[in-house]
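These are the residues of each chain, in order.
Protein chains: 2
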Amino acid sequence: MNEAQYDVVGLGNAIVDVLSHADEDFIVKHGLPKGGMTLVDRDASHALYDDMGPATEMSGGSAANTMAGLASLGGQPAFFGRVCDDQLGRVFAHDIRAIGVSYETPPAANGAPTGRCLILVTSDAQRTMQTYLGSSAEFGPEDVNDAVIRTAAVTYLEGYLFDPAPAKAAFRKAAEVAHGADRRVALTLSDAFCVDRHRDEFRELVDGHIDILFANEDEITALYETSDFDTALKAVRGKCEIAVLTRSEKGSVIVAGGDVHEVGIEPVAHVVDTTGAGDLYAAGFLYGLTHGHSLPECGRIAAICAAEVISHMGARPDVSLKELVAGKMG
Amino acid sequence: MNEAQYDVVGLGNAIVDVLSHADEDFIVKHGLPKGGMTLVDRDASHALYDDMGPATEMSGGSAANTMAGLASLGGQPAFFGRVCDDQLGRVFAHDIRAIGVSYETPPAANGAPTGRCLILVTSDAQRTMQTYLGSSAEFGPEDVNDAVIRTAAVTYLEGYLFDPAPAKAAFRKAAEVAHGADRRVALTLSDAFCVDRHRDEFRELVDGHIDILFANEDEITALYETSDFDTALKAVRGKCEIAVLTRSEKGSVIVAGGDVHEVGIEPVAHVVDTTGAGDLYAAGFLYGLTHGHSLPECGRIAAICAAEVISHMGARPDVSLKELVAGKMG
Numbered sequence: 001m002n003e004a005q006y007d008v009v010g011l012g013n014a015i016v017d018v019l020s021h022a023d024e025d026f027i028v029k030h031g032l033p034k035g036g037m038t039l040v041d042r043d044a045s046h047a048l049y050d051d052m053g054p055a056t057e058m059s060g061g062s063a064a065n066t067m068a069g070l071a072s073l074g075g076q077p078a079f080f081g082r083v084c085d086d087q088l089g090r091v092f093a094h095d096i097r098a099i100g101v102s103y104e105t106p107p108a109a110n111g112a113p114t115g116r117c118l119i120l121v122t123s124d125a126q127r128t129m130q131t132y133l134g135s136s137a138e139f140g141p142e143d144v145n146d147a148v149i150r151t152a153a154v155t156y157l158e159g160y161l162f163d164p165a166p167a168k169a170a171f172r173k174a175a176e177v178a179h180g181a182d183r184r185v186a187l188t189l190s191d192a193f194c195v196d197r198h199r200d201e202f203r204e205l206v207d208g209h210i211d212i213l214f215a216n217e218d219e220i221t222a223l224y225e226t227s228d229f230d231t232a233l234k235a236v237r238g239k240c241e242i243a244v245l246t247r248s249e250k251g252s253v254i255v256a257g258g259d260v261h262e263v264g265i266e267p268v269a270h271v272v273d274t275t276g277a278g279d280l281y282a283a284g285f286l287y288g289l290t291h292g293h294s295l296p297e298c299g300r301i302a303a304i305c306a307a308e309v310i311s312h313m314g315a316r317p318d319v320s321l322k323e324l325v326a327g328k329m330g
Numbered sequence: 001m002n003e004a005q006y007d008v009v010g011l012g013n014a015i016v017d018v019l020s021h022a023d024e025d026f027i028v029k030h031g032l033p034k035g036g037m038t039l040v041d042r043d044a045s046h047a048l049y050d051d052m053g054p055a056t057e058m059s060g061g062s063a064a065n066t067m068a069g070l071a072s073l074g075g076q077p078a079f080f081g082r083v084c085d086d087q088l089g090r091v092f093a094h095d096i097r098a099i100g101v102s103y104e105t106p107p108a109a110n111g112a113p114t115g116r117c118l119i120l121v122t123s124d125a126q127r128t129m130q131t132y133l134g135s136s137a138e139f140g141p142e143d144v145n146d147a148v149i150r151t152a153a154v155t156y157l158e159g160y161l162f163d164p165a166p167a168k169a170a171f172r173k174a175a176e177v178a179h180g181a182d183r184r185v186a187l188t189l190s191d192a193f194c195v196d197r198h199r200d201e202f203r204e205l206v207d208g209h210i211d212i213l214f215a216n217e218d219e220i221t222a223l224y225e226t227s228d229f230d231t232a233l234k235a236v237r238g239k240c241e242i243a244v245l246t247r248s249e250k251g252s253v254i255v256a257g258g259d260v261h262e263v264g265i266e267p268v269a270h271v272v273d274t275t276g277a278g279d280l281y282a283a284g285f286l287y288g289l290t291h292g293h294s295l296p297e298c299g300r301i302a303a304i305c306a307a308e309v310i311s312h313m314g315a316r317p318d319v320s321l322k323e324l325v326a327g328k329m330g
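Going down the list, the sequences are from chains S and L.
Heads up: the first sequence begins at 1 in this note's numbering, then just goes up one per residue.
Heads up: the second sequence begins at 1 in this note's numbering, then just goes up one per residue.
No wet-lab data here; the hints were simulated from the structure.
Cβ atoms here follow ideal geometry from the backbone N, Cα and C, with glycine treated the same way.
The reader is advised that the hints may include incorrect statements.
[To be verified] In silico lysine-lysine, DSS-like type, Cα no more than 30 Å apart, as pairs: (1) Lys34(S) <-> Lys234(L); (2) Lys250(S) <-> Lys239(S); (3) Lys168(S) <-> Lys34(S); (4) Lys239(L) <-> Lys173(L); (5) Lys173(S) <-> Lys250(S); (6) Lys322(S) <-> Lys34(L); (7) Lys322(S) <-> Lys322(L); (8) Lys173(L) <-> Lys34(L); (9) Lys29(S) <-> Lys322(L); (10) Lys173(S) <-> Lys239(S).
[Said to hold, decoys possible] So the derived list for chain L, only partly shown, Cβ under 8 Å to chain S, looks like this: (11) Leu48; (12) Tyr49; (13) Ser59; (14) Asp85; (15) Asp86; (16) Leu88; (17) His94; (18) Asp95.
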C-alpha cells in the first residue's frame with residue numbers, strides 16, 4: 001500500500017443550503033418533522049420556499065461539509081457529488097474548491113437543477129431540513145474515480161445518498177475499490193428517518209463492511225430499534241473497527257474493540273444553528289485519525305470543530321479550524 | 001393629493017451579494033480600491049470569484065436593502081429593479097418579497113444573467129465591492145410603474161444606477177412623475193467613485209430636483225470637490241429640502257433649511273461587516289420621515305438600523321427592526 005495522497009474522499013449530495021430563521025408555528029403549519037431531514041420534490045421545495053422568509057445561500061451537503069472541515073483543518077480531502085451546470089452548481093463547486101477540497105465531478109449539462117436544502121432554523125438553534133436532491137440524485141458509479149478512492153486513506157459515505165439507487169451502487173463500488181486497495185471505509189448514518197428507510201441495508205453494511213461508523217444517538221437507536229442508548233452501544237460493539245456515537249450536549253462515545261472512550265463537549269457561549277454539527281464532528285475525528293492522533297484526541301478535535309460550526313449560521317467553518325484547534329490543543 | 005399607499009418606492013440595482021472574508025493582501029494583489037465599489041464585466045467578475053474564498057450568497061442592491069429595512073421596520077415599501085429569470089434572480093425576488101417589499105418588475109426572459117456584487121470583507125469590517133450589473137443594467141423607463149410612483153410618499157433613487165444610460169432615463173422619468181403627483185424625491189449618492197463619474201449630473205439634480213439627499217462624508221466632499229466636510233455642508237445647504245450626511249463613527253448631520261441636527265451613533269459591541277450601513281441608515285430615516293417623526297428622531301431610528309446591520313455579515317437586517325427600534329426608543 002502506497003502512502004495515501006488524500007486523507008479522506010467523501011461521497012455525498014452536492015447541495016446548496018438555503019437558510020432562514022423560522023418560528024415554531026411555521027414548522028407546525030407545514031407539518032415538518034422538527035430536527036429531521038425530509039426529501040421533497042421540486043414543486044414541494046418551491047412551495048415551501050415561496051412561504052419562507054428571506055434566506056441566505058451557502059454551500060452544504062453533509063459529506064461535502066465534512067470535507068470542507070478537513071480542508072480547513074489542513075488535511076487533504078477530495079469529494080465526489082453531482083451538481084448541474086447552473087448558477088447554484090457553480091456556487092457549490094466554487095466554495096468547495098476555494099476551501100481546499102479536490103472536486104472534479106463534472107457538472108451535468110442538463111437534467112435536474114442543482115439540489116438545494118431548505119433549512120429552517122428555530123430560536124432553539126434546531127434545524128429542520130427539506131431537501132430537493134435535483135442533480136445530486138443522478139450521481140452514479142460512473143462518477144466515482146477509482147484512482148482517487150485507492151489513494152485516499154479513508155472513503156467516507158454519506159447515509160443520505162442511500163436514497164437514490166444509482167448513488168447506492170456508487171457507494172458499493174467505492175467501498176469495494178477502497179477495501180481492495182487496503183483502505184478504510186467510513187459511513188455516517190446521517191438521520192434517524194434515513195435509517196428508518198434503509199435499516200436492513202445499513203445493518204448489513206455496518207456488520208463487517210464498514211470500518212468507521214458515525215451516528216448520533218437518534219440514529220444508532222433507530223438502527224437497532226431500541227430507545228436505550230446503552231443497548232444500541234452494545235449492539236454496535238464489535239461490528240466495525242470504530243463506532244463514533246455523538247450525543248449532542250452529552251458529548252460523544254468512541255467504541256473501538258473492547259475500548260470505550262467518552263469525550264466531553266467543547267463549551268459554546270451561544271448556540272446559534274446546529275446545522276453541520278455532526279458533519280464537522282466527523283471532519284475533526286477523521287483529521288485526527290489520519291494524522292496519528294489517539295482516539296480520545298480525535299474526539300477532542302472533533303468536539304472543537306463541532307463547537308465552532310454551531311456558534312454561527314451555516315454548516316461550514318467561519319474561521320480556520322487549523323488555527324482554532326492549534327490554539328485549543330496547545 | 002391622496003394618502004400615500006406606499007411610504008417609499010426604491011429604484012436601484014437588483015443584485016445578489018456574494019460575501020467572503022478576505023485579507024489585505026488579497027485586496028492589494030487584485031488592485032481593488034478598498035472600501036469602494038467598482039463596476040466590472042462578466043469575465044472580470046468570474047476571474048475574481050475564481051480566486052476568492054468560500055462565499056455566502058445573500059440578496060443585496062443598495063436601494064433594495066433600504067426597502068428591505070423599511071419593510072422590517074413595519075413600513076410599506078415597493079421596489080423597481082431588474083433581474084434575469086435565473087436561479088439568482090429567483091433568490092433576489094424571493095428575499096425582497098419575503099421581507100415584505102412589493103416587487104413586481106418582471107424578470108428578463110433572456111439577456112444578461114442576474115447581477116452580482118462580490119464583497120470582500122476584511123478584518124477591519126470594511127467591505128470592498130466589485131459589481132457585475134448583469135440584467136440590472138437593462139433597467140429602463142418601461143420598468144417604472146407610474147401609478148406606484150404617484151402613490152408613494154417618497155421615490156428613492158440609488159446613485160449606483162446612474163451608470164447605465166436607460167436606468168438614468170428611468171430615474172428622470174420617475175422623478176418627474178413623483179413631483180407631478182406632489183410627492184418627494186430622494187437620492188443617495190452611493191459611492192465617492194460613483195460621484196466622480198457623474199458629478200455634474202448629480203450637482204444639477206441636487207440643486208433643485210431632489211428633495212432629500214443622502215450622502216456620506218466621502219461622497220458629499222467628492223460632490224463639491226473639497227476635502228473639508230464643513231465646506232461641503234455649506235455647499236449643500238439650501239440646495240435641497242433635507243440633506244442627510246453620514247460620517248461613520250462620527251454620527252450624522254441632518255441639514256434642513258437653516259437647521260442643522262447632529263445625531264450620534266448607536267454603540268455596537270463588535271463591528272463585523274459595514275456592508276449596508278448607509279442603506280439601512282436611509283431605511284430608518286425614511287421610515288421616521290414617513291411616520292411623522294421629527295428629524296432628530298429620524299436620525300436616531302436611522303442610527304439604530306445602521307448599528308444592527310454592521311453587527312453581522314450581510315446588508316439586510318437579521319432581526320425585526322420594528323421590535324428593535326420599539327425596544328430602544330421606548
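To see whether the hints hold, each was checked on the structure:
With a C-alpha separation of about 59 Å, the suggested pair Lys34(S) and Lys234(L) falls outside the 30 Å cut-off, and the hint is violated. Note on Lys250(S) and Lys239(S): the hinted pairing holds, with a Cα-Cα distance of about 23 Å set against a maximum of 30 Å. Proximity of Lys168(S) to Lys34(S) is assessed by CA-CA distance (about 26 Å); at most 30 Å being required, the pair is judged to hold. With a CA separation close to 21 Å, the supplied pair Lys239(L) and Lys173(L) stays within the 30 Å bound.
With a C-alpha separation of about 36 Å, the suggested pairing of Lys173(S) with Lys250(S) is violated against the 30 Å cut-off. This hinted pair checks out: Lys322(S) and Lys34(L) have alpha carbons roughly 28 Å apart, not beyond 30 Å. Between the alpha carbons of Lys322(S) and Lys322(L) the distance comes to roughly 40 Å, so the proposed pair goes past 30 Å and is violated. A C-alpha spacing of about 34 Å is found between Lys173(L) and Lys34(L), which places the hinted pair above 30 Å, so the restraint is violated.
A threshold of 30 Å between alpha carbons decides the hint, and for Lys29(S) with Lys322(L) the separation of about 24 Å falls inside it, so the pair holds. Proximity of Lys173(S) to Lys239(S) is assessed by CA-CA distance (about 21 Å); at most 30 Å being required, the pair is judged to hold. For Leu48(L), the suggested interface contact is broken, since its CB lies about 11 Å from the closest CB of chain S, more than 8 Å. Using the Cβ-Cβ criterion of 8 Å, the hint placing Tyr49(L) at the interface with chain S is satisfied: the shortest such distance is roughly 6 Å.
For Ser59(L), the suggested interface contact is upheld, since its CB lies about 7 Å from the closest CB of chain S, less than 8 Å. Interface hint at Asp85(L): violated, since its Cβ lies 12 Å from the closest Cβ of chain S, which is beyond the 8 Å cut-off. The interface hint given for Asp86(L) is met, as the beta carbon of that residue sits about 6 Å from the closest beta carbon of chain S, less than 8 Å. Satisfaction of the interface hint for Leu88(L) is found here, the shortest Cβ-Cβ separation to chain S being roughly 5 Å, below the 8 Å cut-off.
Evaluation of the His94(L) hint against chain S yields a held restraint, the C-beta minimum of about 6 Å falling below 8 Å. The criterion of a C-beta within 8 Å of any C-beta in chain S is met by Asp95(L), whose closest approach is roughly 4 Å, and the hint holds.
Consistency with the previously given hints fails for numbers 1, 5, 7, 8, 11 and 14, ordered from lowest to highest.
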